[in-house]
Amino acid sequence: MNTVEIKNLTKTFGKITALNDLSLNIEKGKITGLIGADGAGKTTLLRTIIGLLIPDSGEISTLGFDPVTQKDELTPLIGYMPQKFGLYEDLTVIENLTLHADLKGISLAPCGRGIKGEGSILNKMLEFTKLAPFQDRLAGALSGGMKQKLGLACTLLGNPEFLLLDEPSVGVDPISRRDLMQMVREMINPETTVLWSTAYLDEAHSFDTAVVIDKGKVIYEGNPHDLGATAQEFENKVIDLMGGYKQEESLIAKNYEYTPHPNPLSQGARENICTVEADNLEKKYGNFYAVKNNSFCIQKGEIFGLLGPNGAGKSTSFKMMCGLAKPTNGTARIMGIDITQDPEKARSNLGYMAQKFSLYGSLTVRENLDFFASAYGIKFKNRAAKVQEIIEVFGLKDYAEQKSEELPLGLKQRLSMACALIHNPPVLFLDEPTSGVDVITRRDFWNHITSLAKKGVTILVTTHFMDEAEYCDRISLFYHGETIALGTPQELKLKALRLINPSPLPASGEGELPTMEETFITLIKESEGE
Amino acid sequence: MKILLALIKKEIKQILRDPSSIIIAFVLPFISIMIYMYGINLDSVKVTMGIKNDDPTPEVATLVKSFGHSKYVNSIYFDNIKDIETAIVRSKIKGAVIIPNDFSTKLAKGQNADLLVITDGSEVNTANYVQSYALAIANSWLATSKYAGSIKQPSINAEVRTWYNPDLNSHYFIVPGSIAITMTLIGILLTSLVVAREWERGTMEAMLATSVKTIHIVLGKYIPYFILGMLSLTFNIFLCIVIFQIPFRGNYLVLLLVSSLFLFTSLGIGLNVSSVLKNQFLASMVAMSVGFMPALMLSGLMFPINSMPVFFQHLTRILPPRYYVSFIESEFMAGTVPEIVIANAIYLTILGLILFAAVYKNTLMRLENAKAQHISKEKAVKS
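First to last, the sequence lines map onto chains U and F.
For the first sequence, this note's numbering assigns the number 564 to the last residue and increments by one with no breaks.
For the second sequence, this note's numbering assigns the number 364 to the last residue and increments by one with no breaks.
Hints listed in this document are in silico derivations from the structure and should not be mistaken for laboratory results.
Some hints here could point you the wrong way.
Said to hold, decoys possible - No more than 25 Å apart at the CA atoms, straight line, and that leaves these computed lysine-lysine pairs for BS3-like: (1) F:K73 <-> F:K33; (2) F:K342 <-> U:K105; (3) F:K(-17) <-> U:K105; (4) U:K353 <-> U:K415; (5) F:K342 <-> F:K90; (6) U:K41 <-> U:K249; (7) U:K251 <-> U:K280; (8) F:K194 <-> U:K118; (9) F:K(-10) <-> U:K118; (10) F:K33 <-> F:K87; (11) F:K(-6) <-> U:K105; (12) U:K158 <-> F:K(-17); (13) U:K158 <-> F:K(-10); (14) U:K379 <-> U:K489; (15) U:K334 <-> U:K318; (16) U:K353 <-> U:K379; (17) F:K127 <-> U:K105; (18) F:K194 <-> F:K(-17); (19) F:K259 <-> U:K49; (20) U:K118 <-> F:K27; (21) U:K118 <-> F:K(-6); (22) F:K46 <-> F:K73; (23) U:K41 <-> U:K64; (24) U:K251 <-> U:K41; (25) F:K87 <-> F:K52; (26) F:K194 <-> U:K390.
Quantities reported herein were computed from a predicted structural model and do not represent experimental measurements.
Using the sequences and the hints given, assemble the complete structure.
Put into structure tokens, the structure is as follows:
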């Protein structure tokens, strides 16, 4: 018996085909992971399954109902958590829960006992989500992980037969991700079907069934362990299914010329030690430390990763490093120039690729590059030639006259990197450069980054993809504004291994090292235990 | 019913926690009434005008003097036409009267005498005042002068009595009329944001996946904002009558009833805008231009509807403020006139119901318009 049966489903939005002749069955009583990059069609598929969108062609049956004509019969049986969790930010935790209970027509207070009475559903939910201490807090004031749990609790009210969660784990830390999966498994009964969409391939292994979609088509459907025993193998197999990725010499790195800007301060011994340096950086908002005692020293040609969940202080550190935010205490130096004293000069040494790529959507590729070239101070007479060169090196020739908002995400990312590199900076700052792009584009991107580092570019990168940490030479693990661990990926894993298993058998070799995600969780738990 | 109550409760909590809705409902009306009370004045004002007399006879000197005595005019005496020109350019005087040298001669012969009145056409309103004041002063002088007998008196003597507003105080109709503008603003601006906000924050999507029906969503928005609007209206009326002492001759119950109909139409416009656009910024911009501007320009409050171009006269018929302004002005100044009340109430009810139906139709129970999709589907099948 299948909960969902889909045959030849097609859905278009104007010129864009979101779902392309897709057929899929979702088995009852299983947790199915729907995996794909941004724009692969995950959200459209979920919305179509529950009748929020109407397909152009094809047939769907959800719990035996046609979502197009029988939406009213279908909705009482499902629980759907949209992206952003669908919470009212100006209502408290309790108020959100009671509202959803009322909307679903279920009573939170069976047998006339008060809604907060013993054994009430409300109490059970609060206990389960560990939100009881925050029950009178406004939903908008909760952390990302807590919002996600509250959203899930609201969705679970009324014991739906079919649970659909749209990217519930985006942007939250690995611990919250793990809690969430556990919550879902505990709260549902064996009959319940769960459809869970995610952009993280490494999450695939926690599902009973994995459905990988790309460009509106299913490219894999089945037990995730059949495809790869580890997350890494799974990812490689998915890449093969998507057409494969061949690593080639990076043209971008090949054309890059390392030219440190001449300045008296960097002539000294310091340049040899640190190209980027954070010196007790601290940022305080009222009584709250967004960043505390952050110190590190990055050397020439090193890739340094800042890892941590949303809200851990990565972006704040980043903004202070490029002089966009003023540190409460401490300072940062780029190529030896103090960012608090001469921010403009320090900035002239770095290329900055901001989150969400910060391009001008209505300008063409060429116009964007031209603008950034002038913003970085490239002289007018050299500008056109430089822009043309960059367009060719970055493979943007076919898109040069297209508006940047019309580009697919992967190309936006490449254009954004081109804009950051147009003035050949010796230091490159990348803020969440791979968020939302598909796995092949990510591979390609990291190929360019590692090649640039070999040419001597110092790279500081933030990411919340744990597996990307492997590309970094050194990592700083960020949690609640503080660095909880700093070292090479290997060192951190060994440290975690020793915490998991204090007396390792001499036989245990490298193969038993924990994954980056496990490392992260172990180290966080360790820091909280202190 | 339980769902509806839950939605209303939720909406009221949101209103109470959002300072901006309280500001729009209570502070904004206060500011706008202050502006209409003290900032806008359509009444006659004291104007300064210049006088040049080329006819130096004792009789004409009394005419010049009577310009000086008028309570509407400040007069400045000039000898030179050039000086008058300079004074007008510098806005020292708003106009001038020049008495020609044959003025008394002509009058004495029983002929029509000429008087030159110069006005500043760049300020049309003031120019009208200058013209009418000058004529009025000259005529009243004539009636008492020694030439009075030799001039033919007009056989009809009009005695003017202004009903309802004997002082012709424009505040008495502008301030109540401004309630119409404020109510439009509240009804449209507040509601234009609320549905769009639910779409933007993704809460609408979550709600559509529950057993909520269209009628719940629609009434769940209408009712709380209706309550807020009525509170704001009561506050407005209190300001007008108690604080600003605008005379009220009508019936409070009738005032509240017809006002509630008007509020019903405003909410309808706002909710339509919000449901269709699904974007707070866009919705508030559109709400201002379809709600506020017509209420100000086309309601008959500032500019009489009869003097508008024919197209706009017809356009005002579909705009609720027209009916409300007409009602509220008469309710305040003339008292309850059944014909006016009933006619306007019927129009407002019809418009309100049409808008309600449109809101119902525009409230999607999916993320896209189902009908449009079916049509395109049918087309696809045919082709």
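A quick look at each hint next to the structure:
1. F:K73 <-> F:K33: 15 Å, holds
2. F:K342 <-> U:K105: 17 Å, holds
3. F:K(-17) <-> U:K105: Given that 25 Å is the threshold and the Cα spacing comes to 21 Å, the pair holds.
4. U:K353 <-> U:K415: 32 Å, violated
5. F:K342 <-> F:K90: 79 Å, violated
6. U:K41 <-> U:K249: This hinted pair holds, its Cα atoms lying about 17 Å apart.
7. U:K251 <-> U:K280: This hinted pair holds, its Cα atoms lying about 22 Å apart.
8. F:K194 <-> U:K118: Cα-Cα ~23 Å, so holds.
9. F:K(-10) <-> U:K118: Measuring from Cα to Cα gives roughly 23 Å; hence the hint holds.
10. F:K33 <-> F:K87: 18 Å, holds
11. F:K(-6) <-> U:K105: 30 Å, violated
12. U:K158 <-> F:K(-17): Roughly 23 Å separates the two Cα atoms, so the pair holds.
13. U:K158 <-> F:K(-10): 24 Å, holds
14. U:K379 <-> U:K489: 23 Å, holds
15. U:K334 <-> U:K318: 30 Å, violated
16. U:K353 <-> U:K379: Answer holds: K353 (chain U) to K379 (chain U) is near 16 Å, not above 25 Å.
17. F:K127 <-> U:K105: With a Cα-Cα distance of about 94 Å, the restraint between K127 (chain F) and K105 (chain U) is violated, given a limit of 25 Å.
18. F:K194 <-> F:K(-17): Measuring from Cα to Cα gives roughly 12 Å; hence the hint holds.
19. F:K259 <-> U:K49: 22 Å, holds
20. U:K118 <-> F:K27: Outside the cut-off at roughly 63 Å; violated.
21. U:K118 <-> F:K(-6): 21 Å, holds
22. F:K46 <-> F:K73: Since the Cα atoms of K46 (chain F) and K73 (chain F) sit roughly 20 Å apart, the hinted pair holds (cutoff 25 Å).
23. U:K41 <-> U:K64: With a Cα-Cα distance of about 20 Å, the restraint between K41 (chain U) and K64 (chain U) holds, given a limit of 25 Å.
24. U:K251 <-> U:K41: 12 Å, holds
25. F:K87 <-> F:K52: Cα-Cα ~29 Å, so violated.
26. F:K194 <-> U:K390: Measuring from Cα to Cα gives roughly 37 Å; hence the hint is violated.
Hint compliance for this structure: hints 4, 5, 11, 15, 17, 20, 25, 26 are not met, and every other hint is.
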